[in-house]
Amino acid sequence: MRHVYVILGLLLLLGGTACSETGSSTLQLSSDADLAGLTVSCTAGNYYEHKYSAREDVKVFACNSEADAVQAVRQGLADVYVSDEVVLSANALKQLGMKMALRGEESFDVAFALRKGNSSLLEQLNEFLSSAPLDDILAHWLQDGPAVADPVPPAGEKKAPLRCIVCVNLAPVSYLGEGGQWQGMDPDLLRRFAASQGRTLEVKFQDLGSAIVALETGQADIVSGCLFVTDERKTFVDFSMPYYECHPAYFVLDKASGTRPDLKSRLTMNFVQEGRWKLIVGGLCETLKITLLSILLGTLLGVGLCAARRSRRKWLRSAADIYGTLIEGIPTLVLLLIMFYVVFAGTGVTASAVAVVTFALGFASSAGSIFDTAVSSVPRGQTEAGLSLGFTPLKTFTGIVFPQALAQGLPLYVGECVSLLKTTSIVGYIAIQDLTRASDLIRSRTFDALIPLLLVTIVYFLLAWLIRRMLNFFLVKK
Amino acid sequence: MIVIKHLSKTYNNPDGSSITVLKDVNCEIGPGEVISIIGPSGTGKSTLLRALNMLEPPTGGEIWVDGENIMSRGYPLDRLRRKMGMVFQSFNLFEHMSVLENVTYAPMALLNKPAKEAKEEALELLRKVGMAHKADVSPASLSGGQKQRVAIARSLAMHPEVILFDEPTSALDPTMVGEVLSVIRQLAKDGLTMLIVTHEMRFARDVSTRIFFMNEGIIYEDGTPEQIFEHPVHSATKAFVNRIHKLVFEVGGEDFDFLAMHTEMTRFCIKYNAADKAQPAADVTEEMLLRQLPSIRPLPLRLTHTELSGETALDFMMEGRSESPLTEEGLPESLRARVTNVIEESTSRGFRIKVLL
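Protein sequences appear in the order of chains A and B.
Number 77 in my numbering belongs to position 77 of the first sequence; there are no gaps in the numbering.
Number 23 in my numbering belongs to position 23 of the second sequence; there are no gaps in the numbering.
Same shape as in the complex, but just chain A (with noise of 0.2 Å):
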């Protein structure tokens, strides 16, 4: 128990330790050649990516997501954060203690992406946007008013929800608000639509490379995010009419703006705010759930392994031993993905459903290997003790061999649980919103590293402490 303690201390230490800045004066930008010799960050995949991994003298800090890419910035580990000028409200930036130091000459056109082929939608879609007050809405948010968003009350009558996916994560094109309720320029527009179409609106938030897949697997109707619209991406996907005309914009540091937060304040921004402990709670929830299924259909599927292993038939040693070697080979993030995009594209069959059964796939492998070597450790005779009292070959087995089993395998099947547990972390990938997909979300909001990962390392600590006391106490005897 005690080193439990002691972990969490040095965990909450390394809270403490607030990273400083070396002081000097903003950086000041003209033009884009004054780029020359510094390090641009930016968001992987993107145009500002292309265009300066081209320009030999500007080093490139690609990044995950727009708010990583802000962070390396305000980490010092990029000098200048380039992206939509729309990323970043003014708001957001003085919040951050950043400034933009350079609207840049070149205009691009946003628009939403949506299915090849679906017609019907794209014509609604651009009546709607050729219709609607594009400019005061724009406005609305660019502005960072009031985060208010306008009535928009659905119809009468039931229909299919527009399933959308955002692919950007900050106010103000689109971000997790009050209440965990997705807001912004791209969800207010989006559900004005649906609105006029006597739909409700359902947002999802990936990236960019998995929403175009979903788009494509029928999982999506539309993809938004400051999607410019390129000759390249027509191929792939058809694009609304242009609701925006987007300039790039590069971000630095402003060292004459305020100090920097207090832990308290910190700690008040990334979990009181918007009821952000909210998104950490449901996390929280997902995860166990994701983890406490997987844990039971692996385990069932595990049994039946461990008997094909174990069965007189050839066929089906073999083929549970192909399964084992299958399994191992795959990453368990890589199944994931094939099982959603793939193996349950188009079924219905919601993320967390496809997220536990690729869990226990990869779960069952193991545990069947574990049940297989602890029935194996017990010994021939014991098998045949019971037999020669009388007891039929199942009796014997769960009477006898089996308890002895369990006290030879249970400490590995615990540990497997365990990092079973650590596993569900990746589900953020197929936009489930679990304790890491949480901290993330968060993270994007307030852009501070350091507070939520610690608070959900915190947790899932816990949580492993947990599970290892709980299954101990209920399945360790003696």
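One or more hints might be untrue.
Stated by the list, open to error - Derived list of chain A stretches under chain B, where covered just means 3 residues or more per stretch with a C-beta under 8 Å from a C-beta of chain B:
hint : stretch
1    : 377–385
2    : 398–410
As the list claims (entries may be wrong) - Looking from chain A toward chain B, a few residues come up when the C-beta cut is under 7 Å (computed):
hint : residue
3    : Q143
4    : S388
5    : L389
To be verified - Quick list of in silico lysine-lysine cross-link-like pairs, DSS-like style, CA-CA up to 27 Å:
hint : chain 1 : residue 1 : chain 2 : residue 2
6    : B       : K119      : A       : K395
7    : B       : K238      : A       : K395
8    : B       : K113      : A       : K395
9    : B       : K134      : B       : K189
10   : B       : K354      : A       : K395
What the hints contain is simulated information worked out from the structure, not anything from laboratory work.
Don't be surprised by glycine CBs; every beta carbon is placed ideally from N, CA and C.
Given the structure of chain A, go ahead and fit chain B onto it with the hints provided.
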């Protein structure tokens, strides 16, 4: 009660070869009989026992128990085994249960005995085997002899009609063999039907009503202890019950390695607790081979030791001769004084000189 007809068991190896352990076993076993199964190792004694309760299903023949062929398809083996207990060489106590639970488990689970009754009876049985004082301990803390006594109590708890003992003392320290054998002796007195595979000859002779001598996969000789141990019909039985051990040489030409032969003889004598016979054996062979019979080659030579009588002898067989080939003086007096007896006889195969050391 039990009738075995033409029972056979063949193991097929993965490489396609096969080994026949039981060739053709036939016998009848009646109630109250105590049968010891003896014989050299690898002759199918344990396999026969394990075939009887179908732990090792035979590949041919029939086993009839109480008028039913237990090898017929669908025969309820669990019911058969309830009336046919087994005690194993390696005890096989249930390691996850206490001594008492080991004894009560089967009656409670299979005979639906109430816990209290099962416990009382188990304690009674444990008392019978002298293990009641260890009722609550784990089997892991018991000695081999104690484990085996608990295993016997566990088997008795099912009130079997027969108990099969598969080398019950082979895994025990010599000091613990006695405690287990005395329990089995007591059971025999109580009239329980038992089949015992054992290497304890004196025990087999004392306790059994009948002995099976197994050799080469069949019941080679079947009779009362007196018949088998005193008047065995077959030479293999005789050699086995008297525990006769042999060391055979064929003395060849000039290159024969006498020193190696002596070393082997010495090792043989030490192995069978007859180390004092090693030197006389060496001296006698030297005298015979080098001085008395130097011209007779090849010369078969046999050193034998009979464990039961403690007799060690050297045999020289001169094939095709009818008269003693010894020199006029014969063996020197000094040597004769050191051996027990010298027998010279003419046999159908040739002239034989046997020196009892």
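* Which earlier hints can't be squared with this structure? -> 3, 7 and 10
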